[in-house]
Amino acid sequence: EAGVVQSPRYKIIEKKQPVAFWCNPISGHNTLYWYLQNLGQGPELLIRYENEEAVDDSQLPKDRFSAERLKGVDSTLKIQPAELGDSAVYLCASSLTGGKGNEQFFGPGTRLTVL
Amino acid sequence: AQRVTQPEKLLSVFKGAPVELKCNYSYSGSPELFWYVQYSRQRLQLLLRHISRESIKGFTADLNKGETSFHLKKPFAQEEDSAMYYCALATTGNQFYFGTGTSLTVIP
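For the protein sequence lines, the chains are A and B, in the order given. Quick note, this note's numbering runs 25 ahead of the 1-based positions in the first sequence. Number 27 in this note's numbering belongs to position 33 of the second sequence; there are no gaps in the numbering.
To be clear, the hints were calculated from the coordinates, so they are not data collected in a lab. Errors might be hidden in some of the hints.
27 Å max Cα-Cα, derived DSSO-like pairs, lysine-lysine [unchecked claim]:
| hint | chain 1 | residue 1 | chain 2 | residue 2 |
| --- | --- | --- | --- | --- |
| 1 | B | K59 | A | K125 |
| 2 | B | K16 | A | K125 |
| 3 | B | K67 | A | K125 |
| 4 | B | K51 | B | K3 |
| 5 | B | K59 | B | K16 |
| 6 | A | K41 | A | K87 |
| 7 | A | K36 | A | K103 |
| 8 | A | K40 | A | K96 |
| 9 | A | K125 | B | K51 |
| 10 | A | K41 | A | K103 |
| 11 | A | K96 | A | K125 |
| 12 | A | K125 | A | K87 |
Could you put together the complete structure from these sequences and hints?
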């Protein structure tokens, strides 16, 4: 099994441009997470989905960030417009359910560089 | 407020020596604690969780609610243990917090 799939793996854009990241979770996993990881830091949760519902988006900067998981399977995270400070690794993870004891399976991440 | 603190950014030990990676948390409820590991060029993956009370790859971690700690220990470090280790906390409301990570290097 491929595990959590993310694309693209790397993205370089100029500031003020839009960018989108895609994630396909492990088949059968109802819960999907988007994390932001800055250099030298741990992952920080941006948004958590239970099926197609965003159940925790309290840390998502909604002025420029948006996410969707329309059919409760794959998901897209968008930034518009991107700023220099958005340069980071964006991680997607999935778990069977959102129970706090459940293991999260991570994708390889998308490394974004904003010039 | 920082929920999870890993005081050591870098930790080096010799092969065969004991290793302890420290993790302290701040949460008044009933936490779930985890250790995740990222080996070079690999994905972040679960190493162990406190509810399982198991030893994985020789590592153990005990939840100490009095000291609000969840330190990761291994009696004899191996070269293949060199990796980035993250302590993580899940709250009752299913919110997740990761520490800043500790980079472990095991010297041959």
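Pair hint outcome, K16 (chain B) versus K125 (chain A) [Cα-Cα no greater than 27 Å]: 22 Å, holds
Just to be careful, I want the Cα atoms of K59 (chain B) and K16 (chain B) compared with a cutoff of 27 Å; is the pair within it? Measuring from Cα to Cα gives roughly 14 Å; hence the hint holds.
When you check the alpha-carbon spacing of K51 (chain B) and K3 (chain B), does it fall within 27 Å? Satisfied, since the Cα-Cα distance of roughly 22 Å is no more than 27 Å.
Given the hint that K59 (chain B) pairs with K125 (chain A), test it: the Cα-Cα distance must not exceed 27 Å. Since the Cα atoms of K59 (chain B) and K125 (chain A) sit roughly 18 Å apart, the hinted pair holds (cutoff 27 Å).
Hint check: K67 (chain B) vs K125 (chain A), CA-CA at most 27 Å. Holds or violated? Status holds; Cα separation ~23 Å.
Hinted pair K96 (chain A) and K125 (chain A), Cα distance within 27 Å: Holds, because 23 Å separates the two Cα atoms, which is no more than 27 Å.
K125 (chain A) paired with K87 (chain A) [C-alpha distance capped at 27 Å]: 25 Å, holds
Is the hinted pair K41 (chain A) and K87 (chain A) satisfied, with a Cα-Cα distance of at most 27 Å? 16 Å, holds
Hinted pair, alpha-carbon criterion (27 Å max): K125 (chain A), K51 (chain B). Please report holds or violated. Distance ~23 Å between K125 (chain A) and K51 (chain B) Cα, so the pair holds.
Holds or violated: are the alpha carbons of K36 (chain A) and K103 (chain A) at most 27 Å from each other? Satisfied, since the Cα-Cα distance of roughly 13 Å is no more than 27 Å.
K41 (chain A) and K103 (chain A): Cα distance at most 27 Å? 13 Å, holds
Pair hint K40 (chain A) and K96 (chain A), alpha-carbon separation not exceeding 27 Å: The hint is violated at about 31 Å.
Going through the hint list in order, the structure does not satisfy hint 8, though it satisfies all others.
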